[in-house]
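Read top to bottom, the protein sequences are chains A and B. Note that the first sequence covers residues 0 to 360 in numbering that gives the first Met the number 0. Note that the second sequence covers residues 0 to 498 in numbering that gives the first Met the number 0.
In silico SDA-like links for lysine to any residue, alpha-carbon gap of 20 Å or less: (1) K229(B) / A144(B); (2) K340(A) / A454(B); (3) K225(B) / L270(A).
Cβ pair distances, simulated, as ranges: (4) T232(B) / D2(A): 43 to 49 Å; (5) A7(A) / R360(B): 28 to 34 Å; (6) E462(B) / D184(A): 54 to 60 Å; (7) T231(A) / P228(B): 18 to 24 Å; (8) P331(A) / H321(B): 52 to 58 Å; (9) P252(A) / E134(B): 45 to 51 Å; (10) T221(A) / T318(B): 29 to 35 Å; (11) T299(A) / A19(B): 48 to 54 Å; (12) D39(B) / I307(A): 42 to 48 Å; (13) I307(A) / D29(B): 35 to 41 Å; (14) E248(A) / T318(B): 48 to 54 Å; (15) D244(B) / D2(A): 30 to 36 Å.
Just so you know, the hints here were simulated from the structure itself, not pulled from any lab data. Being a predicted model, the structure only gives us computed values, none of them experimental. Where a beta carbon is used, it is the ideal one built from N, C-alpha and C, also for glycine.
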Amino acid sequence: MTDKDISAELKLQVETAIADKTPLTIQGGGSKSFLGLRKTNATPIDLSPHRGVISYEPTELVITARAGTPLEEIKATLKNQGQALAFEPPGFTPNATIGGTIACAMSGPAKPYLGGTRDYILGCRVLTGHAQNLKFGGEVMKNVAGYDVSRLMTGAMGTLGVLMDVSVKVLPEAAGEVTLGKVMDIETAIEKMQSLAGLGLPVTAAAYLNGTLFTRLSGTETITNAAAQKLTAIGEKTNDSSLWQQLREQTLPFFTFNESQSLWRLSVPALTKPLDIEGQWLYDWAGMQRWLITDAPATTIRAAVEAIGGHATLFRGTEPLQREVGVFHPLPTPLLALHKKLKQEFDPQGIFNPQRLFPEF
Amino acid sequence: MSQALFKDETPPLADDTRRALISQFLAFMDDESVLRDDEDLYPYESDGLAVYRQKPPLVVLPETVEQVQKILKICSELKVPVVARGAGTGLSGGALPLKNGILLGMAKFNKIVSINEHTRTAVVQPGVRNLAISEAASDYNLYYAPDPSSQIVCTIGGNVAENSGGVHCLKYGMTVHNVLQVTAVTMDGELITVGSTAADTAGFDLLGLIHGSEGMLAVTVEIVVKLLPKPNTTKLLMAAFASVDTAGDTVAEIIAKGIIPAGLEMMDKPAIVAAEAFAKCGYPTDAEALFLCELDGTEEEVQSQLQQVEALVRKNNATVVHIARDEQERMQLWKGRKSAFPAVGRLSPDYYCIDGTIPRRHLSRVLQQMNTWSEEYSLRIANVFHAGDGNLHPLILFDANIEGELERTEELGAKILELCVEVGGTITGEHGVGMEKINQMCVQFSSNEITQFHAIKNAFDPEALLNPGKAIPTLNRCAEYGALHVHHGEVPHPDIERF
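With the hints as constraints, model all of the structure from the sequences given.
What follows is the structure, given as structure tokens:
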């Protein structure tokens, strides 16, 4: 595949959809198409041919690429210069694109320590529901001109417009990493994971699975060794270096489950105690992102997280269940009203990814 | 940004509306919280950009969220504009009062509600001073990272509105990266909470949208900020160079090596001389450029990075290389940089601070152009520069008492900002657009983009009553401005009807 700018064709397709009032399903590599509902009568708008790195300045810590550029290509380009996407976005399949990565705003294990997708977006070009190709933000770190539309697009799941290209902040790749592991109970692990980030040590991930607390330290050998010595209470060095990638990409055995169950993603405040819901649990992000495989009813799960100020996503489940309970956590009334108004202002005909995020728009 | 272009042509608040507001406000607020005499109103006539002044017809100082809700509801009903204000330190006229609206002073919301050392978060009211958060968190060995130069007085509510930065942004981010949750009141009096103390929220990133929205979408009433552990080790290296170019190239090389300094501040000769004369901090006054490179982290990290930075600056023929011996000397070296603005202020009756960001690789071109303009306009410029992230603060020295000098200064400032856009940067890195840079918005954004900004405001505030006229220009204003500034023979916003 070669680099290509198909903005003109995409604009034409959006114009036609607006004129015909026909919904569009925005599609990149399809790696996250399982997430969120989709309208069956929608026409796909394919971003995957719209690809290529537009500019990359390692010393400015910024890369700009067309939305259809494969995430793998971005990562390889950065790696050549000793840099990386610090928010460790999951690809799930090799065809994941940078556009889909930003639109879905999923972040890897480093999120609590180095920030998530929304912390690294600098600018974007977006094709709106007025068929206008607009540029917001830019390619510099500090920029407060105009409302922060780039961040608004991050995680909007394509419901506000088609991301055409994105500018993302990059960081130096870690010189190396060490993983510590120690068996302990979950209550202790939650406390330890939380306090770890307060020590000023190069901790870049902490997760609890199979009764074991795993902690990742990043940096040169001298740096990680020195930190590991201070953390003997947290665990011994393990050889399990592929753990974090498998956790991010959901290829750990944990993520295999049968049809009668669903995979839920719970986002909860720091130090939230284990929740009393039957199922298999995996704790990432120092305990703030919890994966739950269960057949418990959605109402039980959502009520439990809501009570503590969190939210729950039906991350992987059957389509009938997704339609019945919704994929993303329902919004409080005033926020839903604002979402609908913003949707109206960006996409008045409601052609982009209808109901992908919430059944109301 | 010319003052000649700052004209509030709206009719003043009608007397009967003003009376109606006063009587309705007094029904739930005490007399001292509804300011209406000239002597009480004048202190509010400008923010940190004192060249723009407008006496507000009425100032209200609520102290509860319910009062804010009631005030906004009343103003909604009477269709009276509202300008929210924190400490009034903003440098772009974002809190400049309106002739036909009320000023909502948030100074009484000055309590730190709670600090949780275990979750490393603080719940604060918007009128709390930025530095007060770090002072209160200090007992737990924690601090709040963003440190705008006004941090002693500026409020966290204002920081959210402006998405304020500071000298440590490159590593620790701006306000938006350090706030978890904002509770705010929309113009119709509705209380909303955006963001969360959980890992993230469902739906759109409204927390991101509120940041830097310059008080135009909602009025912030409570904020949950993230606190960071104080770094175990901090070292500061000062390096001086015989040319600004070499200093700029060295900054790029540091970053290319994979080092992200906590702070990386550069100054040119006029700024160095001024700072040294003011703070006696030990800067070499014969240098053309100087940078302060602060590294923090674990002992091992800092030692390794410091060695690399030192080797690099020596290779690039730094004329002076000095590592602060102790904490006292480190603070002394910072003092020079942090007092650069008042220091430059002593060289001239007035100075005007510009705030643009550029891709760093264009630094040399931008500085050269500024030198040329400086001669053309007969106005001296001193430069301080957040070199790590490309944020320039040229300080133009002028004398407002000399007829026409302020206007020429503003014209020069506008040219510098437009040059920032031309090289791929932005008209504001951290001070906001406010009233000051409203014309330059027309240079950075197309009519369609500006229309989309208005559409976002419309979603929150359909009657355009919250801080109207700031940050986002009307298309007519852009057409007017474009007509004055034809660039490369192209008329910007050609699609706008011209009158």
